[in-house]
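Protein chains: 2
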Amino acid sequence: MDRYLITGFSGFVSRHFLEFLEGLQKRVSVLGLDLVQPDFGSHRLGHIQLGFEKVDLLDRERLEKIIFKFQPNFILHLASYSSVAFSWVNPVLSFMNNTNIFLNVLEAVRSANSRIRILSVGSSEEYGDLLGRKKMFHEEDILCPVSPYAVARVSQEMLSKVYVKGFGLDIVLTRSFNHIGPGQKETFVVASFAKRLVEMKKSGSSFSKLMTGDTSLIRDFVDVRDVVRAYDALLKKGRGGEIYNICSGTGYSLAEIIRQMASILEMQVITEMDKKLIRPSDNRMIIGSNEKMLRDIGWEPKISMKKSLEDVIHYWNQIDR
Amino acid sequence: MDRYLITGFSGFVSRHFLEFLEGLQKRVSVLGLDLVQPDFGSHRLGHIQLGFEKVDLLDRERLEKIIFKFQPNFILHLASYSSVAFSWVNPVLSFMNNTNIFLNVLEAVRSANSRIRILSVGSSEEYGDLLGRKKMFHEEDILCPVSPYAVARVSQEMLSKVYVKGFGLDIVLTRSFNHIGPGQKETFVVASFAKRLVEMKKSGSSFSKLMTGDTSLIRDFVDVRDVVRAYDALLKKGRGGEIYNICSGTGYSLAEIIRQMASILEMQVITEMDKKLIRPSDNRMIIGSNEKMLRDIGWEPKISMKKSLEDVIHYWNQIDR
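These protein sequence lines map, in sequence, to chains A and B.
Take 1 as the starting number for the first sequence in my numbering and just add one per residue.
Take 1001 as the starting number for the second sequence in my numbering and just add one per residue.
If we strip away everything but chain A, and leave its shape as in the complex, we get:
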């Protein structure tokens, strides 16, 4: 029986990963770790033997004990302060809760001295600002991180490589692009737009003005349900030490996303830029190539942007009831 240790267990991606596992209809054991209790009461988990421990991953001693006791064969490392915006406000907390926690996971596995496969989740932000130089990011591209968050993720990736080569750990790496999907917190841009548009729709105002950051930014959004399918495939079939882009391969401007959501909601929306929402440095365009995932793992995204946005809007419609 596969044994998954999942960090960042109480988050959005983890919740979808559990649903994915449940869908496999195979008995597995899962131990979740997070700073906060998960809110998974409503989920029926027939095939999953589920445990949870509240732990700060900066507490390495405790982490070592947990890993020694649970003896996972997979570690899905989802824990992250993954907000670029937050990293500009508190670079130290962002760095520690990305790089330092990951280093603690690696050290705990090294001290356990067992063959655990780790999925190190990285970010498309690592590519950084190559506007005009690159249309699409491939795994072998040079990295030019432009935010504290991006630096933390590149550091994590470099540590992974050293632990693979120097200590023989079994780590598969991703650079995951922007996620969308039902259940995402409104601190993320598409969720934030969706929530506010749904509220406007319900208030019945005919004239809807949405305050935004820079909506000309182009991002590659991948549905969280496609993401978790990729993560499980990488844990089982990825090559150790290799990096894989997890992305849709298509870029949408934030303005286009708003337009599509307005269309689904049958609303007229105008946007206005709030300068407070503009970040010190930001990448103009981030689009990834997912050729390697298709070629080596046989994975490609299945969920269309339209379907993702419909489900996101449906989610906020329900929440706001």
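If you are wondering where the hints come from, they were derived from the structure by calculation, not from laboratory data.
Don't take every hint at face value.
[Claimed, not checked] List time: in silico DSSO-like cross-link candidates among lysine-lysine, alpha-carbon distance up to 27 Å:
{"no.": "1", "chain 1": "A", "residue 1": "K195", "chain 2": "A", "residue 2": "K209"}
{"no.": "2", "chain 1": "A", "residue 1": "K135", "chain 2": "B", "residue 2": "K1161"}
{"no.": "3", "chain 1": "A", "residue 1": "K276", "chain 2": "A", "residue 2": "K201"}
{"no.": "4", "chain 1": "A", "residue 1": "K276", "chain 2": "B", "residue 2": "K1161"}
{"no.": "5", "chain 1": "A", "residue 1": "K195", "chain 2": "A", "residue 2": "K236"}
{"no.": "6", "chain 1": "B", "residue 1": "K1275", "chain 2": "A", "residue 2": "K161"}
{"no.": "7", "chain 1": "B", "residue 1": "K1161", "chain 2": "A", "residue 2": "K275"}
{"no.": "8", "chain 1": "A", "residue 1": "K135", "chain 2": "B", "residue 2": "K1165"}
{"no.": "9", "chain 1": "A", "residue 1": "K165", "chain 2": "B", "residue 2": "K1275"}
{"no.": "10", "chain 1": "B", "residue 1": "K1069", "chain 2": "B", "residue 2": "K1236"}
{"no.": "11", "chain 1": "B", "residue 1": "K1161", "chain 2": "A", "residue 2": "K161"}
{"no.": "12", "chain 1": "B", "residue 1": "K1165", "chain 2": "A", "residue 2": "K276"}
{"no.": "13", "chain 1": "B", "residue 1": "K1236", "chain 2": "A", "residue 2": "K161"}
{"no.": "14", "chain 1": "B", "residue 1": "K1276", "chain 2": "A", "residue 2": "K165"}
The model shown is predicted, which means the values in this text are computed figures rather than measured ones.
We have chain A; now place chain B onto it with these hints.
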């Protein structure tokens, strides 16, 4: 009057930096920070108004207060757990005492909101293993760090760039190559060889066997007295956001260094490799180009390898008395 804040104050490089400053015969104010008290009792510091505070740079609150109170115009950030070997033994401590302490310095300066020029000292180890691909490292080369220490230094460098571009901090960066010179601790390779050779010489044994790691490794050694002259020049004339190699431009194998020291000491030495001293991954050859320092700053090294080794041997002769 220039005001220098020096971290890693009780170390080898700092001591030589103070001697350099004293040699300038100009009144300056220096505040030293370190975990341990310096051992500078024997130094006459006629022109330097000197203070010291015992502080752990992981204590950001205290660091902020110190910077706010001292109001330096220069920060020479020498603090580092700079041993590659130690980083393989304790990657977490190595990482925290390189990257995290540096991030705290940056945050303290950002919160002080003043125009302080910072020298971020990096390492040639950042270039990593490009054997067969590169004969000599230039500042624009791709970085392939292969040890935890090297990763920590690359992370520090990436953070510097983000703080320059995103927060407007004034940071000049170095990649400093292997140091040699009198006063270096025996945890560093050349000092270790010198100390043991001097001991053998004094014991009068005709047959001297030196246990070593891999002596075929080639490194670019630069005398610490040339290094500190470069650091002061960069604080005063370096371009913000730019990286500068601090190196001799010449590579010596460790075997050749041992041969030269044996010649100075008029000894016959044979070496034997101790497998315990071989590291998990190591760079075969690290030689830097110092063209940028010459072109932009007008700096070049002045002290020959022979002079450096003579002074190192003289130092150990005195210590061992």
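Okay, the hints, checked on the actual structure:
1. A/K195 <-> A/K209: Holds: A/K195 and A/K209 sit about 13 Å apart, inside 27 Å.
2. A/K135 <-> B/K1161: Given pair A/K135, B/K1161 holds - Cα atoms ~23 Å apart, limit 27 Å.
3. A/K276 <-> A/K201: 25 Å, holds
4. A/K276 <-> B/K1161: Given pair A/K276, B/K1161 holds - Cα atoms ~23 Å apart, limit 27 Å.
5. A/K195 <-> A/K236: 36 Å, violated
6. B/K1275 <-> A/K161: Measuring from Cα to Cα gives roughly 24 Å; hence the hint holds.
7. B/K1161 <-> A/K275: OK: B/K1161 and A/K275 at ~24 Å, within 27 Å.
8. A/K135 <-> B/K1165: 23 Å, holds
9. A/K165 <-> B/K1275: 18 Å, holds
10. B/K1069 <-> B/K1236: 22 Å, holds
11. B/K1161 <-> A/K161: 22 Å, holds
12. B/K1165 <-> A/K276: 18 Å, holds
13. B/K1236 <-> A/K161: Answer violated: B/K1236 to A/K161 is near 37 Å, above 27 Å.
14. B/K1276 <-> A/K165: 18 Å, holds
Violated hints, in rising order: 5, 13; the structure is consistent with all others.
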